[in-house]
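A.B. asks: Just so you know, the sequences run in chain order A and B.
With the first letter of the first sequence counted as 1, position 62 gets the number 62 in the working numbering; the numbers rise by one all the way through.
With the first letter of the second sequence counted as 1, position 158 gets the number 158 in the working numbering; the numbers rise by one all the way through.
Hint data in this document are derived by calculation from the structure and do not stem from the laboratory.
Just so you know, not all the hints are guaranteed correct.
Once the Cα atoms are required to be at most 20 angstroms apart in a straight line, the calculated SDA-like pairs of lysine to any residue come out as [what the hints assert, rightly or not]:
1) A/K60 <-> B/N177
2) B/K169 <-> A/S75
3) A/K15 <-> B/E179
4) A/K70 <-> B/A173
5) B/K162 <-> A/D74
6) A/K51 <-> B/T12
7) A/K15 <-> B/S225
8) A/K15 <-> B/L219
9) A/K51 <-> B/A183
10) A/K46 <-> A/I19
11) B/K226 <-> A/L12
12) A/K76 <-> B/S170
13) A/K70 <-> B/K162
14) A/K15 <-> B/F133
15) A/K15 <-> B/T223
16) B/K226 <-> A/K60
17) A/K15 <-> A/L52
18) B/K226 <-> A/E18
19) A/K60 <-> B/L219
20) B/K169 <-> A/G69
21) A/K51 <-> B/T153
22) A/K70 <-> B/E152
23) B/K226 <-> A/G85
24) B/K226 <-> A/V87
25) A/K70 <-> B/N163
26) A/K60 <-> B/G180
27) A/K43 <-> A/S75
28) A/K70 <-> B/D82
29) B/K226 <-> A/D86
30) A/K76 <-> B/N128
31) B/K226 <-> A/N68
32) A/K70 <-> B/K169
33) B/K169 <-> A/G62
34) A/K70 <-> B/L215
35) A/K70 <-> B/F133
36) A/K70 <-> A/K43
Here is how the chains run, residue by residue.
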Amino acid sequence: MITINFYTTLRLMLKCREIEINPSRELSVPELLEQAETVIEEKLSKKFIWKLLEADGTLKRGTIIMINGKNILDSKGLSCTISDGDVIALFPPGGGG
Amino acid sequence: MIGRDEVFSRHTAIWGDDKQQALEEATVLVAGVGGLGSFVCQTLVRSGVGCLILVDGGIVDPPDLNRQILYTRADIGRFKVDIAAERLLAIHGLTTIVPLNQRISADTPLQHGLPPGKISGLVDCLDNYNSRFLLEQMLTEEMFLVHGGVQETYGQVTTILKNRTPSLKSLYANIENPEGPMAVCSQAVASISSLMSMEVLNNIWGLPRLNGSLLIVELSDFTFSKIALS
């Protein structure tokens, strides 16, 4: 199972803390998000990818996607692969002081 | 001058004289004396931290008054560090306050004759990521950095220890600040800053609780979550 945790405004918008996906193979980040959105749509009739990605598929400003506690942008970005057992965190962090 | 034993008697009743003494021997640099910084400075002074270095080049603006608890309408247009120093010194007079009226840079302490060895730790109360990364350049292996960020009704806190935890730069790799003025409420600022302040004390005592984990707090439904960082 891949566990996807939603935080801050994403969780409030979706009213969902966590979902799980059973992958048949390794997934890229966009593939994972698409599968997660399908699950969310079936369960809650809501979409969320627009909160994270621009129309051209790049990450929106201020978005954090972590795989097992590591920011994907500190690694291979959207090309990172996600496997069974990984834990994903999706959130925009607080930027103010 | 009021006696320290009297002022801190409610604290020593919790954590004892040795830990109180450690606080009194500590020097903490607070970067940003806005929303988070106003609260963090107040609670660190009231906790008995021996010396606070305040770094901020900003002035008080009307939108600051919803959350920057050190300031009032009479302070609009004045430099924040000057007012902060006045208000913090007025609390009990047992903490040395060093106001540095400037934006943060990696060599800020050295510019003022403060070698890194004199500073126990850094507190990130800044409002943008570029300044945060500059602050992190100041971090040595002997120091701690407590990071906080806040927005709307949520925020996050973590401790950064050089070469022992993921860096801020990796945690927030390639992030950019959202455009436009930041929406934020005083309740979120007070909550996040209190957690930061407690973690500063934990670090001074050598017992950080958020090294290697990111605490995310959401006030809209009172949720606290921790993400283990790698």
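A.B. asks: Are the Cα positions of B/K226 and A/L12 separated by 20 angstroms at most?
C.D. replies: holds (17 angstroms)
A.B. asks: Given the proposed pairing of A/K51 with B/A183, does the C-alpha separation stay at or below 20 angstroms?
C.D. replies: Status holds; Cα separation ~17 angstroms.
A.B. asks: Holds or violated: B/K226 and A/E18, Cα atoms, limit 20 angstroms.
C.D. replies: At roughly 14 angstroms apart (the allowed maximum being 20 angstroms), A/E18 and B/K226 satisfy the hint.
A.B. asks: So if I understand the rule, the pair passes when the alpha-carbon distance is 20 angstroms or less; does B/K226 with A/V87 pass?
C.D. replies: holds (13 angstroms)
A.B. asks: Is the Cα-Cα distance between A/K15 and B/L219 20 angstroms or less?
C.D. replies: holds (14 angstroms)
A.B. asks: Would you mind confirming whether the straight-line C-alpha gap from A/K15 to B/S225 stays at or under 20 angstroms?
C.D. replies: holds (15 angstroms)
A.B. asks: Hey, A/K15 versus B/E179, does the alpha-carbon distance stay inside 20 angstroms?
C.D. replies: violated (25 angstroms)
A.B. asks: What's the verdict on B/K169 and A/S75, does the C-alpha distance respect the 20 angstroms limit or exceed it?
C.D. replies: holds (12 angstroms)
A.B. asks: Is the Cα-Cα distance between B/K169 and A/G69 20 angstroms or less?
C.D. replies: holds (14 angstroms)
A.B. asks: What's the verdict on A/K70 and B/K169, does the C-alpha distance respect the 20 angstroms limit or exceed it?
C.D. replies: holds (12 angstroms)
A.B. asks: Run the distance test for A/K76 versus B/N128: straight-line Cα separation, threshold 20 angstroms.
C.D. replies: Distance of about 24 angstroms is beyond 20 angstroms: violated.
A.B. asks: Does B/K169 pair with A/G62 here, judged by a C-alpha cut-off of 20 angstroms?
C.D. replies: Holds, because 14 angstroms separates the two Cα atoms, which is no more than 20 angstroms.
Against the hints set out earlier in the document, violations occur for numbers 3, 6, 14, 16, 19, 22, 27, 28, 30, 36.
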